[in-house]
Amino acid sequence: MGFKDFCFRKSLWVFHFGGASCNNCDIEILDCLTPRHDLERFGILLVGSIRHADVLLVNGSINRRDRDRLLELYHQAPKPLLVVAIGACGCTGGIFAEGNTFAGPVDTIIPVDAYIPGCPPKPEAIIAGIARLAGKKP
Amino acid sequence: MAVNIFYFFIFPGLLFMAVAGGLLSWFDRKITARVQFRQGPPLLQPFYDFFKLLLVKETILPRHGSPVVFMLAPLLAVFGATMAGLFILLPLFNISTGFRGDLLVIFYLLTLPSFSYILGSVASGNPLAAVGSSREIKLVISYELTFLLIIAAVIMKSGQHFDLDTVIAMQRSGTPFIGSVSGVLLFIAAVFCIQAKLGLVPFDMPEAETELSSGIYIEYSGPPYAMIKLAKYIMLFILPALVVALLMNGMGQGAGILWAVLKILGVVLLLTLIRNTSPRVKIRQASGFFFIWMNLIVVIAIVLIAFGL
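Protein chains in written order, with my numbering: chain A, 262 to 399; chain B, 561 to 869.
Because the hints were derived from the structure by calculation, they are not lab data.
Small disclaimer: the values here were computed from a predicted structure and weren't measured.
Some clues are possibly wrong.
The list that follows gives simulated cross-link-like pairs (lysine-lysine, BS3-like), each with its CA atoms no further than 27 Å apart [stated by the list, open to error]:
| hint | chain 1 | residue 1 | chain 2 | residue 2 |
| --- | --- | --- | --- | --- |
| 1 | B | 792 | B | 698 |
| 2 | B | 757 | B | 792 |
| 3 | A | 265 | A | 340 |
| 4 | A | 271 | B | 590 |
| 5 | B | 590 | B | 792 |
| 6 | B | 590 | B | 757 |
| 7 | A | 271 | A | 340 |
| 8 | B | 590 | A | 265 |
| 9 | B | 792 | A | 265 |
| 10 | A | 271 | A | 383 |
| 11 | B | 698 | B | 757 |
| 12 | A | 340 | B | 792 |
| 13 | B | 757 | B | 842 |
| 14 | A | 271 | B | 792 |
| 15 | B | 792 | B | 842 |
Working from the sequences, and respecting the hints, build out all of it.
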């Protein structure tokens with residue numbers, strides 16, 4: 262592993278995209294940044310602009326309107342970009358998989374690097390997923 | 561010539577300021593984390609961030625806007641911060657520049673990063689960046705008068721000397737300026753000015769992550785954003801250093817260097833605590849705060865100086 266990869270792994274900035282979510286995953290993602298779980302000790306920050314992002318967290322079921330937004334965000338992000346699908350809806354569609362407005366799980370729209378299942382996944386599961394992701398080559 | 565290049569790039573120039581500023585940035589983040597009962601990032605985190613942005617990430621140019629200005633603005637910010645830092649740090653390290661009047665040059669060079677952020681964000685053509693830059697313009701207009709008055713007060717206190725060398729020498733032969741009533745007032749105003757210059761939380765409306773999603777920096781990615789980070793690290797180091805030079809005795813020899821480091825850390829600690837314990841104010845409140853209260857404090861200090869207090 263070279264110096265570039267090392268720096269990339271040590272400083273993952275996260276941009277959070279919530280689809281048509283029930284907000285449980287959003288709350289659990291925010292839990293990871295609270296004092297108890299403190300993701301900043303791994304260098305992970307939540308950023309406000311997609312131009313600064315290294316990781317795109319996607320949660321919630323992606324409906325037809327979200328699909329265009331998600332694609333646009335993916336194309337706007339600077340490129341070594343890791344995509345993480347969080348929650349049952351992001352990974353497979355969950356209970357919305359047969360819905361009329363459902364536009365497919367995240368990996369049918371953009372390439373996904375890590376899946377964190379659960380409804381919602383516990384913060385520990387999210388941290389474990391991010392730590393595994395940090396070990397992966399971009 | 562060679563020694564000047566060494567001064568500019570290595571010590572006390574770009575390299576030294578970047579390393580010191582990065583460490584101070586870690587200190588700031590670590591204190592923030594401890595205030596919030598978190599553990600905080602590792603020591604080298606600012607350098608990981610910088611090298612990741614510089615080496616790994618891709619640069620995206622905005623479609624609407626001027627790419628040349630957009631790309632050159634961060635370099636201008638780094639240049640302005642480095643030049644200002646050079647004029648501040650050379651007298652602080654007792655290296656004589658022989659330049660009488662460098663306080664005014666420092667004042668102008670310190671505005672260069674803010675102006676280049678404004679230029680870059682307007683050149684990006686993003687509406688949120690435009691809102692952020694208009695806020696930054698208003699903020700600059702608010703605090704610059706106070707900052708100039710502080711420098712004028714220090715010049716007056718040192719007996720009409722316009723160079724940092726003499727200001728430091730005057731303090732070292734007598735008492736530090738902060739040891740008087742007017743000095744304390746100037747210090748309070750200077751701390752708030754620095755807070756606004758660095759864009760830390762009570763005055764972070766230009767970037768306002770929650771409402772403008774990084775505002776003036778919204779379109780920057782990759783190496784240009786790394787340059788902006790570098791300029792911010794350097795500013796986080798040289799502005800407390802300027803306060804230490806203007807009001808707190810500068811840096812001596814031997815143990816004096818340790819004292820100066822502690823003074824700079826103390827000023828940064830104060831900035832961090834203010835940042836963590838106050839909410840973001842509206843731009844009108846910030847203007848009123850500087851135009852009325854801070855200017856009033858500095859004018860009182862100037863009057864006190866005229867009476868020799």
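Each hint, compared with the structure:
The straight-line distance between the Cα atoms of residue 792/B and residue 698/B is roughly 20 Å, inside the 27 Å bound, and the hint therefore holds. The hinted pair formed by residue 757/B and residue 792/B meets the criterion: a straight-line CA distance of about 10 Å does not exceed 27 Å. Of the pairs offered as hints, the one joining residue 265/A and residue 340/A holds, with about 14 Å between alpha carbons and a cut-off of 27 Å not exceeded. In summary, the hint linking residue 271/A to residue 590/B is supported, as the alpha carbons are separated by about 16 Å, within the 27 Å threshold.
Taking the CA atoms of residue 590/B and residue 792/B, the gap is near 17 Å; set against the 27 Å cutoff, the hint holds. Of the supplied pair hints, the one linking residue 590/B and residue 757/B holds, its CA atoms being roughly 21 Å apart against a limit of 27 Å. Between residue 271/A and residue 340/A, the direct Cα distance comes to roughly 17 Å. Compliance with the 27 Å bound is thereby established for this hinted pair. Taken as a hint, the residue 590/B and residue 265/A pair is honoured in the structure, with Cα atoms around 24 Å apart against an allowance of 27 Å.
At roughly 22 Å between alpha-carbon atoms, residue 792/B and residue 265/A fall within 27 Å of each other, so this suggested pair holds. Straight-line distance between C-alpha atoms of residue 271/A and residue 383/A comes to about 23 Å, which keeps the hinted pair within the 27 Å bound. Distance restraint check for residue 698/B and residue 757/B: the Cα-Cα separation of roughly 12 Å lies within the 27 Å cut-off, and the hinted pair is therefore satisfied. Of the pairs offered as hints, the one joining residue 340/A and residue 792/B holds, with about 24 Å between alpha carbons and a cut-off of 27 Å not exceeded.
A threshold of 27 Å between alpha carbons decides the hint, and for residue 757/B with residue 842/B the separation of about 16 Å falls inside it, so the pair holds. Proximity of residue 271/A to residue 792/B is assessed by CA-CA distance (about 20 Å); at most 27 Å being required, the pair is judged to hold. At most 27 Å may separate the alpha-carbon atoms for a hinted pair to count; residue 792/B and residue 842/B meet this at roughly 22 Å.
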